[in-house]
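Quick note, the sequences are listed as chains B and X, same order.
According to this note's numbering, the first sequence holds residues 1 to 286 in order.
According to this note's numbering, the second sequence holds residues 1 to 286 in order.
The set of hints was computed from the structure by calculation and includes no laboratory data.
For clarity, every value in this text was computed on a predicted model and none was experimentally measured.
Hints should not be assumed to be uniformly reliable.
Said to hold, decoys possible - Reference listing, derived: stretches of chain B covered by chain X, where coverage requires no fewer than 3 residues with Cβ under 8 angstroms from a Cβ of chain X:
1. 18 to 27
2. 80 to 88
3. 130 to 138
4. 146 to 153
Unchecked claim - A few chain B positions that, by computed beta-carbon distances, are all more than 10 angstroms from chain X:
5. P103
6. E161
7. L236
8. P258
Said to hold, decoys possible - So the derived list for chain X, only partly shown, Cβ under 10 angstroms to chain B, looks like this:
9. L26
10. A27
11. F35
12. G38
13. G101
14. G109
15. I114
16. A121
17. V136
Cβ atoms here follow ideal geometry from the backbone N, Cα and C, with glycine treated the same way.
2 protein chains.
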Amino acid sequence: MDATTRIEQALAAAIDHVVPGCPPRLAEAVRHSVFPGGARVRPRLCLAVAAACGSKDYAAADAVAAAIELLHCASLVHDDLPCFDDSPLRRGVPSVHRAFGEPLAVLAGDALIILAFEHLARSIPSERLGPLLLTVSGSVGMPFGITAGQAWECEPTVSVEEYHRTKTGSLFAAATAAGAQVAGADADAWRVVGDRIGEAYQVADDLRDVAASAQEVGKPVGRDALLNRPSAAGELGIDGAIERLRGLMKGAIDAIPPCPGAEQLAEVLMAESRHIMPKNLAQRAA
Amino acid sequence: MDATTRIEQALAAAIDHVVPGCPPRLAEAVRHSVFPGGARVRPRLCLAVAAACGSKDYAAADAVAAAIELLHCASLVHDDLPCFDDSPLRRGVPSVHRAFGEPLAVLAGDALIILAFEHLARSIPSERLGPLLLTVSGSVGMPFGITAGQAWECEPTVSVEEYHRTKTGSLFAAATAAGAQVAGADADAWRVVGDRIGEAYQVADDLRDVAASAQEVGKPVGRDALLNRPSAAGELGIDGAIERLRGLMKGAIDAIPPCPGAEQLAEVLMAESRHIMPKNLAQRAA
């Protein structure tokens, strides 16, 4: 079964497990938050690292990948709220608060966070559960997870590196570290790979915000400048940001620790680095 | 050390662990969400059950009690948001969104949920972590936890029993079930004790909302009728609700499973049932 099918099935299974008996509109809002998905970059990365490290426990890898994606979806739902981005669209359809109202958007985000941890507890063998849970919780909580990253927007000053490392990089680092942990490999050695890929995605996102169309992105563009948020494209210019993105992906590949599937993983990441460049900038970047 | 001191110290330790390096205002908002606390009813109940079941692992009991209180605090912060109760006050001081703004209130709630699970993963021995985590996550998530309970407010119809059991009872049931689990006792046998106490507290809260002063409660009163929420006092009248409260607490005591500290626990619960009655109704209830 390919990675995408495994991820969609794992997400559906996690949600199906908790839906019977649930308030129907909350269940609908939760499904709307998760399906249809975006590129599923973090869970794909997690599965790719687990495979590169030789993991044969597919159920555990799928559960970790799903938990990471559920947390990512939760963060999108809350980031779209009126008090943050007030985004009317997400992945080309109405954002959760536009489709279901603000109360259900707050609750769907909460429910997704809880479900991620519950799903890990249900799926991971006890001897691996604690360390995996700490990897995942650290990537979303305080002080260096995505919640903290989002909270840097509420501070009078913030370094763009700190902001991006926490808001975006942390969950990518967890995807690689947890993928390695599932296989019994050293989590810390894999963190830097995810860190760099996460930073590359953040740069790609910044570029898309200044250079792509809303149709391509599936949400409004030009928001970073409007909301005065730190942006690599704003800071380095478009060409500088493209160069940075390529350097980061090369750095991620160079950092792959020795493992049975290192070469294949490098190829996956090279394909990914072409894929994430906004379409109308791809030629400029070549 | 008495239960209250243990709980305050466990909460402080959980938060202190994740604050260094955190955005300062998020850290402040999280502390504001948790300190000074309310009655800490759920964690006290959890510790009382762990003790009644003969638990000697004080660190694990403290961690579970703290996790349950962190989740309770998270739910208060989100319930106070403008899209729900829009409450200006909580525990006699400004609610988190009034003190720190809505973005930090959303994020503080998220961070507290994550911290609860992280704290369990850090504190509970691996052989007990999975089952304890499922008890706790089930009490806050879908389909029957407090998040689902809150979401029943967004449905066109809801039974008052289902609403209260999920919105309030579930976390009380987790407090007793998890307290028993820490001691290696059967979680399910203890659930009904927490269920009934939770329902009693909900009735007491409804009574307070119609019959107490804002000063006594530390938040605005008369909100249930204003917001057209299910209320035992509205449904049964004040005398009927008082009778129901007393019946529920008696039912909780009758349901205590055989355990080394059953008698002492019964005394604790009897004292509690006097304590939770709104002051100006205590005489009417006697």
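Going through the hints against the structure:
| no. | hint | in the structure |
| --- | --- | --- |
| 1 | 18 to 27 | holds (count 10) |
| 2 | 80 to 88 | holds (count 3) |
| 3 | 130 to 138 | holds (count 5) |
| 4 | 146 to 153 | holds (count 6) |
| 5 | P103 | violated (5 angstroms) |
| 6 | E161 | holds (14 angstroms) |
| 7 | L236 | holds (24 angstroms) |
| 8 | P258 | holds (28 angstroms) |
| 9 | L26 | holds (4 angstroms) |
| 10 | A27 | holds (7 angstroms) |
| 11 | F35 | violated (16 angstroms) |
| 12 | G38 | violated (20 angstroms) |
| 13 | G101 | holds (7 angstroms) |
| 14 | G109 | holds (7 angstroms) |
| 15 | I114 | holds (4 angstroms) |
| 16 | A121 | holds (4 angstroms) |
| 17 | V136 | holds (9 angstroms) |
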